[in-house]
Amino acid sequence: MSPVLFGILAALLIASALGVVLSASPIRSALSLVLTLFFIAVQFLFLDAQLVAALQVVVYAGAIMVLFLFVIMLLNLQEEPQAIARLGQRAAAVFLGSLFLLAAVHFLAKPGIGAGTGMAGAVPATFGSTELLAETLFTRFLFAFEITSVLLLVAVIGAVVLAKKTLT
Amino acid sequence: MTVVPINWYLILGAVLFTIGVIGVLVRRNVIVIFMSIELMLNAVNLVFVALSRQLHVMDGQVVVFFVMTVAAAEAAVGLAIIISTFRNRETVNADELNLLRW
Numbered sequence: 003m004s005p006v007l008f009g010i011l012a013a014l015l016i017a018s019a020l021g022v023v024l025s026a027s028p029i030r031s032a033l034s035l036v037l038t039l040f041f042i043a044v045q046f047l048f049l050d051a052q053l054v055a056a057l058q059v060v061v062y063a064g065a066i067m068v069l070f071l072f073v074i075m076l077l078n079l080q081e082e083p084q085a086i087a088r089l090g091q092r093a094a095a096v097f098l099g100s101l102f103l104l105a106a107v108h109f110l111a112k113p114g115i116g117a118g119t120g121m122a123g124a125v126p127a128t129f130g131s132t133e134l135l136a137e138t139l140f141t142r143f144l145f146a147f148e149i150t151s152v153l154l155l156v157a158v159i160g161a162v163v164l165a166k167k168t169l170t
Numbered sequence: 004m005t006v007v008p009i010n011w012y013l014i015l016g017a018v019l020f021t022i023g024v025i026g027v028l029v030r031r032n033v034i035v036i037f038m039s040i041e042l043m044l045n046a047v048n049l050v051f052v053a054l055s056r057q058l059h060v061m062d063g064q065v066v067v068f069f070v071m072t073v074a075a076a077e078a079a080v081g082l083a084i085i086i087s088t089f090r091n092r093e094t095v096n097a098d099e100l101n102l103l104r105w
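Line by line, the protein sequences give chains A and B.
Heads up: the first sequence begins at 3 in the working numbering, then just goes up one per residue.
Heads up: the second sequence begins at 4 in the working numbering, then just goes up one per residue.
Simulated from the structure, these hints should not be mistaken for laboratory data.
C-beta: ideal position from N, C-alpha, C; glycine also.
Worth double-checking, as some hints may not be accurate.
Unchecked claim - To be clear about the criterion: a stretch of chain B counts as covered by chain A if any three or more of its residues have a C-beta under 8 Å from a C-beta of chain A, and this derived list gives those stretches:
#1 24 to 32
#2 47 to 60
#3 64 to 77
#4 84 to 95
To be verified - Covered stretches of chain B (in silico footprint by chain A; criterion: 3 or more residues with CB under 8 Å from a CB of chain A, positions within the stretch not fixed):
#5 12 to 21
#6 35 to 44
The task is simple: from the sequences and hints, build the whole structure.
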């Protein structure tokens, strides 16, 4: 990806992420988050991760965000007058956040991070394909995959029990 | 063609993560706090995919797959908890949910 395109995408990404945090109405936050997830999916496409980009749109922007929007509408949340915390708390949060960001940028801006062939080197044609991802998933990560299915089962049962009207 | 170095992706991920952290610290609505956590998860996903491309190994993309699964489970359970607290306390404001505070 050319630096100009990256810059445009990064600016859109940061603007929509700020929209999540700064907008007073929860619905608008959720829609900004959908936009953010789409821009991240576009970044994935440029990084040769086609399947992950598709999953990002289908699972994240589709399923998970619909769940969020559904809950926001179910609870009938309105715009809050006091959406953001008091001034002192806000200042402390921004101060600590920028401290973290400064430290992170200081270490991440160094050249030579992640040695290897690098971003410029050509990848094999199958890189990021469903075939290669499935091969990795079902060989070296098989145990983690099985555990994940148990986790999803527990989450489904837990969600049903928690959201039931009466806890017995 | 010029290529974007890996550092730009890592810094973009750090910026998105920081926005998520500030959202968690600053917002009072529990659902918006939850969405900020999703933002942080996605920042990390971006870093994983970028490093996967840099090192030419698929492991990063497989980890992103797992992160998405955990995020889906987390969203389901978390929203169920929010619904049940709303049913009891009629609020989603984190400052009013102070029963466990000392």
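The hints, checked one at a time:
no. : hint     : verdict
1   : 24 to 32 : holds (count 8)
2   : 47 to 60 : holds (count 10)
3   : 64 to 77 : holds (count 12)
4   : 84 to 95 : holds (count 7)
5   : 12 to 21 : holds (count 9)
6   : 35 to 44 : holds (count 6)
In summary, the structure agrees with every hint in the numbered list given earlier.
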